[in-house]
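Residue numbers (our numbering), protein chains in the order written: chain A, 1 to 267; chain B, 1 to 319; chain C, 1 to 268.
None of these hints come from the bench; they were simulated from the model.
Be a bit skeptical, because a hint or two may be false.
[To be verified] Pairs of lysine-lysine residues, derived as DSS-like cross-links and limited to a Cα-Cα distance of at most 27 Å, are as follows: (1) A:237 - C:16; (2) A:38 - C:100; (3) B:295 - C:100; (4) C:13 - A:237; (5) C:187 - B:217; (6) A:44 - C:187; (7) A:130 - C:13; (8) A:38 - C:16; (9) A:44 - C:24.
As the structure is a computational prediction, the values presented were derived from the model and not from experiment.
Read off the chains here:
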Amino acid sequence: MASTTTPPRRKPPSRASVAVNYPLDWLEERSGLVGGTKYFLFRKVPGDINWMQTLGSATLTAFLIQLLTGVILAMYYKPDPNSAYASIVHITNDVTLGWLVRGMHKWGASMFIILMFLHMGRVFLFGAYKYPRELNWIVGALLIPIGLFEGFTGYLLPWDQTAYWATVVGININGTAPFLGPFIAQFLQGGAEIGPDTLSRFYSLHMLLLPGAIIGLIVLHLYLVVRLGVSSPPWSKDAAGMERPDDVQRGNGRAGLTRPTRRGGDV
Amino acid sequence: MEGSRPVDPHGPEHRPHVPSPSLWPVGFAIGVAILLTGLIVGWWIVLLGAIIAVLFGFLWIRDIGADARAAPEPELVQGAGGGPVVPGEGAAMPVMSDEEIERFPRSKFLEASTLGVGAIIGGLVTVPALGFAVLPAFTGAEDHNIDVGGVGDFPEGDWRIVTFLQNPDEGEVSRRTTFIRYNGELEGQPSFTIIANNCAHLGCPVQPSGPVADEEKKEERINGQVITRIPAQPAAFACPCHGGAYDLEGNRTAGPPVRALDRFAFAIDGDRLVLTSRYSVGTVEGEGKDAVITKYGQVPPGVHVDGPEQFLYPIEPPK
Amino acid sequence: MATGVDRRRAEFKRYKEDVQSRGKPFFPFAMWHDTVMSLVVVVITIALAAIWYFDSGEDPEDVGILGPRYTAEADPGTTSFVPRPDWFFFFLFYLLRIFKWPESVILGTVGIPTLCLILLLALPFLDVRAERRIIRRPVALVAGVLVIISMGVLTYKGATAEEGISTSGDVVEQWMTEGNLPPEARKGAELVAESGCLNCHTYRGVGSPNLGAPDLTEIGAQDQGKDYFHRYVANPRDFGNNVMPVYQSLGDENLDAIAAFLDASRNP
Chain A
1 MASTTTPPRR KPPSRASVAV NYPLDWLEER SGLVGGTKYF LFRKVPGDIN
51 WMQTLGSATL TAFLIQLLTG VILAMYYKPD PNSAYASIVH ITNDVTLGWL
101 VRGMHKWGAS MFIILMFLHM GRVFLFGAYK YPRELNWIVG ALLIPIGLFE
151 GFTGYLLPWD QTAYWATVVG ININGTAPFL GPFIAQFLQG GAEIGPDTLS
201 RFYSLHMLLL PGAIIGLIVL HLYLVVRLGV SSPPWSKDAA GMERPDDVQR
251 GNGRAGLTRP TRRGGDV
Chain B
1 MEGSRPVDPH GPEHRPHVPS PSLWPVGFAI GVAILLTGLI VGWWIVLLGA
51 IIAVLFGFLW IRDIGADARA APEPELVQGA GGGPVVPGEG AAMPVMSDEE
101 IERFPRSKFL EASTLGVGAI IGGLVTVPAL GFAVLPAFTG AEDHNIDVGG
151 VGDFPEGDWR IVTFLQNPDE GEVSRRTTFI RYNGELEGQP SFTIIANNCA
201 HLGCPVQPSG PVADEEKKEE RINGQVITRI PAQPAAFACP CHGGAYDLEG
251 NRTAGPPVRA LDRFAFAIDG DRLVLTSRYS VGTVEGEGKD AVITKYGQVP
301 PGVHVDGPEQ FLYPIEPPK
Chain C
1 MATGVDRRRA EFKRYKEDVQ SRGKPFFPFA MWHDTVMSLV VVVITIALAA
51 IWYFDSGEDP EDVGILGPRY TAEADPGTTS FVPRPDWFFF FLFYLLRIFK
101 WPESVILGTV GIPTLCLILL LALPFLDVRA ERRIIRRPVA LVAGVLVIIS
151 MGVLTYKGAT AEEGISTSGD VVEQWMTEGN LPPEARKGAE LVAESGCLNC
201 HTYRGVGSPN LGAPDLTEIG AQDQGKDYFH RYVANPRDFG NNVMPVYQSL
251 GDENLDAIAA FLDASRNP
């Protein structure tokens, strides 16, 4: 059926928009990444989400701070018992803005741990570990001990008194586990007692294995968040997914799951 | 919804225009290579390479020119304005349908052998790497005999806090502290009580409960390492971490330590006190040279050696 | 009647429909909140780093409000250092102090923490009710509050846990001035500070009470006399005390000094 109105005249694309769109189209046709990014950015989330729900991305920011400052610190730190302490003193006192990078890394670690726990508490409060987000909770619950272990391995690296003795105790705590404990302790120490290999081991764990594991789990965690959606605060009057009166009249499931119906009271 | 088909500049029916096959570029490339080699080897080779390159280049260009004059003009078809391509259209790779899978019965053998070879590769790479990470922690520990001074450096009945390098090759990281008391002679041989200062709970440094004469510290260089000896008058030993307390024989008297403090076995070499190996202790009955020590192989702090909980640690890791 | 699984799937379907019809795009609505919060995190981290650095000095003894830049270099042979973990492990550290009996050590080191971690991981399978509002989840609410309070208390106790051995000379100064002690009490004060007495006794707020040992701040006020203190400290067994170590080996001169100090300790 032909329309009798003429379509509105479209302006030809401006040079600026072509300059932006052409490379994006080039990239999109060859990889699909632009579409993916647009999906991530413009996907819909419930309209009533709360400030508490920013804790997850705040934790990610803290982790990114750790990544960046850690990479820079690794350029100056010497992971050998004979030079580690001196390199830390050098970084803190002499290297330009070394104090800032080291300070951000040290305090960023505490921020990361605190934010992880707050985020976990928020998810617990919202009941957002329930169907279908159980897997995401498990991934997050795995991130907590790995994050704490990151803190533990990093604590040894300055090789000062605090570092050394806290590590002795920490390793021996692991050593008290039944059956495998002494093996774990010896593996961590690199020998029957703390020795020259211990620092290198902890450095490798702290720089390579654990960040790799954390990054992998974070990617999985974020993928699940995008796929499963962000939950509304449970007390919200217009929570996404709540039962509505018309659902009850149609007989869809039990009423009053998330909120009393508009007829008042629990049904 | 945004989307358009990929733009084909040649139109739907046009066959793609490519140059006819030709070997002249090969000769050109060889000529260029010889020219560059000549820059290192000698100028005559440069000249030879240049001649070859120019010759074949000329032949190549002549061919392209002839092709171009013979080919028709390509037609350009306008696309839909270059909108973004929907991911999946023209980008997705074909996937096997179920009937096609049936047509390849030998694929089961290929599947299995691919996985098998993959597993072998995985094993070849991972097992040595893991062995490298794990095994050295469980092998190669040696006992070193450490000379810590002459018997005369230890007056009878007095305690000395003695530090030494347990493994001189490793340097300061192997420094250990012991509390040593000379007990007099037992059956004609000097008797020493040599107690290690690592708490048997979780390894914190155990401190002497009593005055320590830091100003009388002696440092002696023996066999390439520095031994320190400091007089002290402990009435007991105590650990600052979690409240563990020990008596002067190393027996646990209070707190969470799970056994007595470790000790060192010793030998008398002439008139030198030499520490040999370290061992763990269950309990010590008696005092000084009359002490009867229940000896076990060295185990880490926190590991029970007697009582019902010893069965939690049945296997001692190799060292 | 819808089964549990169907009900949950129906709710999720509703959720997706609601978000599709009434949701807002992540950028810029949610991402704005995220970005502001991230800025707060970055600013706080930088502020902490700056305060820590500018309030401390190059010397490990130069300690500011956020602690020293580093302590002395690691000395595996030390006899005077008191180990402490990083602050976020204080709750585990104090748990170890609670489990004082050797048979129970393993509970505090690996038993309880492992159990808690397993419960944490298994939470979605332990709580299968669909209810998400906290006021209608009494078990979750109680468990959550208990966990927060106990971890908070354990962390605080771990942070303030006293170690028994305080060998710094400042403590003796503080005792002398606060307690108005005569000069002849000084030697005894130093001996008490370094002989591990504070492992079990407290004195003027220093030390950790252990095994029923009394506070010694005003012990002299009972007028038992220096001789009593000398004999008691030399051999507590004579007085029926089988817990305190025997300090005979300190020698008469040191024991007299300690007795003088204890006898002079009469002021609150």
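Hints, one by one, checked against the model:
Between residue 237 (chain A) and residue 16 (chain C), the direct Cα distance comes to roughly 17 Å. Compliance with the 27 Å bound is thereby established for this hinted pair. Proposed proximity of residue 38 (chain A) and residue 100 (chain C) is contradicted: the alpha carbons are some 58 Å apart, above 27 Å. Taken as a hint, the residue 295 (chain B) and residue 100 (chain C) pair is honoured in the structure, with Cα atoms around 24 Å apart against an allowance of 27 Å. With a C-alpha separation of about 19 Å, the suggested pair residue 13 (chain C) and residue 237 (chain A) falls inside the 27 Å cut-off, and the hint holds.
Restraint check: the Cα-Cα separation between residue 187 (chain C) and residue 217 (chain B) comes to about 21 Å, which is no more than 27 Å; the hinted pair holds. Between residue 44 (chain A) and residue 187 (chain C) the CA atoms are separated by roughly 75 Å; this puts the pair beyond 27 Å, and the hint is violated. Proximity of residue 130 (chain A) to residue 13 (chain C) is assessed by CA-CA distance (about 15 Å); at most 27 Å being required, the pair is judged to hold. With a C-alpha separation of about 19 Å, the suggested pairing of residue 38 (chain A) with residue 16 (chain C) holds against the 27 Å cut-off.
Taken as a hint, the residue 44 (chain A) and residue 24 (chain C) pair is honoured in the structure, with Cα atoms around 5 Å apart against an allowance of 27 Å.
Of the numbered hints stated above, those contradicted by the structure are hints 2, 6, listed in ascending order.
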